[in-house]
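Once you've looked at the hints, dock chain B against the given chain A.
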Amino acid sequence: MKFSELPMLGLGASLSLSAQPDPVALVRAEGGPGFVEYAGLVDPESVLDEVNAIRAAGAPVLFHPSYINFCGTFANASRWLDTTAAHIEAVGSPWFAQDCAYCFRADDPTYSTSLGYFVPPILSHASLETAKDRVREVQDHVQVPVAIEPPPMSFQVGTLPLLAFFGELAEATDCALLFDMGHLVSYEMASGSRIVDQLHYLPRERVIEVHVAGGRLRDTEAGPLYIDAHEAEILADTWAMFEALLPRLPNVRAVCYECEGIAGDAVLATLRRLREAVRTLGGSAELREAMES
Amino acid sequence: MSLQEQERALFDLLFDRDLRVQFRENPTEALGGYTLNRAERADFDTIRVPALERDARMRVFMLLAQLCQELPVSFALASSVAGAGAQLRQLVDRELMDVPVALRAAEFGNRLMDWMQFDAEPPTDLQPQMLALIGAETAMARSAGSLRQLQSAAQESGPAPTALPAEWTTLPASIADHACAVIVPQSLSEVQRALCPVDTEDLWRHLDGHPVTEAQVRTALLSEEPRLLLVRHTLTHTQRCMPLLSRQQVEVSSGFAPLLRYLDGRNRIHDILEQLQQAGAPQSMVPAILQGFEQLVGAGIVRLHGLP
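For the record, the sequence lines run as chains A and B. In terms of my numbering, the first sequence is residues 1095 to 1387. In terms of my numbering, the second sequence is residues 368 to 675.
Hints were generated in silico from the structure; no laboratory data involved. Take the hints with a grain of salt, since some may be wrong.
[Claimed, not checked] If we take Cβ atoms under 8 Å as the criterion, some of the chain A residues that face chain B in the derived model are:
| hint | residue |
| --- | --- |
| 1 | Asp1202 |
| 2 | Thr1207 |
| 3 | Thr1224 |
| 4 | Gln1250 |
| 5 | Gly1252 |
| 6 | Thr1253 |
| 7 | Leu1311 |
| 8 | Thr1364 |
[As the list claims (entries may be wrong)] Over 10 Å on every C-beta distance to chain B, these chain A residues come out as not near it, computed from the model:
| hint | residue |
| --- | --- |
| 9 | Ala1169 |
| 10 | Pro1203 |
| 11 | Asp1268 |
Glycine is no exception: its CB is placed at the ideal position from the N, C-alpha and C atoms.
Okay, chain A solo, but in the shape it has when bound (with noise of 0.2 Å):
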């Protein structure tokens, strides 16, 4: 698969579809997001008015949702793997991105919610073979380019460092990775590794996504733990993040700012923030220039 064909979708946010800020209203805005990303429901239907009045305003759509097994033993339904490829084509996403974490348990598949929220990989090789199934089960019925994310973890499991475990399974399934800057640091206060120390595990032109987020920081006994807050600030660690990896990646098409919940005034501001760096530190030409459109 060669990634870098895929459009270059530049600065985008991540957005609720029938909650403030409204994304047509930021689309239209000077200086908005040049494409909205959407957690919806499987079934395409239920977004497809407010998908079709931001694709009007102008923007692409990204389809990310959170109810895809991309990893362990629990097989994804053929129902859910073939409405997903009907939803992706009605709203005409590029590619399909999502957490690789369990959503759902058993013969019951449904939202990541039915378990709090995603619960994260064993990083382990049998856990990484099984992985490996799971990602072409949804390659086998979606029509545009994987994308696997790694979930934010409080703990982990299993010993393969985090960018071992994805490099391996983004070269042998041959799809691209999306990396949330606040995941990733959510995983070095889960593991007490870091992230720069991997990047030679890390095949970086198959990164074709960047998320930044908001988090907060809870005290724990055995040290700090990153919570994904999106309606919260981005923390210093997740900037940091951002600005020592973006440079390392020479093939970003979209850098998401996830901003459910902040308000339209506030927004702007962050996005005329990641707008400066990544023309400043963007690792490649063309997304650099994607800036100044």
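Below, chain B without anything else, positioned relative to chain A:
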């Protein structure tokens, strides 16, 4: 020795409080019940136990927030009882998480009722009403859950008629599929208005910080006026994977309850009214009963057979 066994251990650690305590004290012993080889067992050595515990608490909070959306009055009533916060958290455990997602809220409602009946100490005079209201919401959750599990059957049950034909009282009638009927001591919707001041999506977060007081419960349940609550769940539109339900809910006088058994798919509303009059029911009652049936047919809770 398998990944499945590791997954079983991982999910148990997330949803089994006692196992986590054991894991903190002696990880090897805690995982002794799982068939893991040395390497598989070693994968769990990387867990920061305090972070796991925090993660598990956050998950329970999120799960309660979802369950609260299906059982808002039950959560509000329970919050008024001493020790409710901790108890509600304890009701989310490994066994509950093994219940199919569609039926989880009904199972939680059953557990809540057991707690309120046998272990909690609500005011004695209010306990029967509280139990009846929790029972009603649990029945509604069960009805919704069974429909979610049988969505194809539900699609066959069809929507409620948009306009009643003139001859509707002469058509055979029955209780619709996926409908349930329960007697409640007060109007459930009025109790919800009184005790649930925010949207159900935000209710658990609100109740966790601001539980309902006994005085509020007492005021809400003050005037006992038994009602027959009838509920029918239907699909809002065809969904291939996760059915989205809407709920038609009607409350009528509890005196209506004995009439429901005549709705067997053969009797007509007209016949039922005639038999009532022959049995000595005053003529003045008939319009009110007719209006009640009209409401139930209009909501799709009573189904007319032979409609085009």
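Comparing the hints with the structure gives:
no. : hint    : verdict
1   : Asp1202 : holds (5 Å)
2   : Thr1207 : holds (6 Å)
3   : Thr1224 : holds (6 Å)
4   : Gln1250 : holds (5 Å)
5   : Gly1252 : holds (4 Å)
6   : Thr1253 : holds (6 Å)
7   : Leu1311 : violated (12 Å)
8   : Thr1364 : violated (25 Å)
9   : Ala1169 : holds (12 Å)
10  : Pro1203 : violated (7 Å)
11  : Asp1268 : holds (23 Å)
In summary, the numbered hints that this structure violates are 7, 8 and 10.
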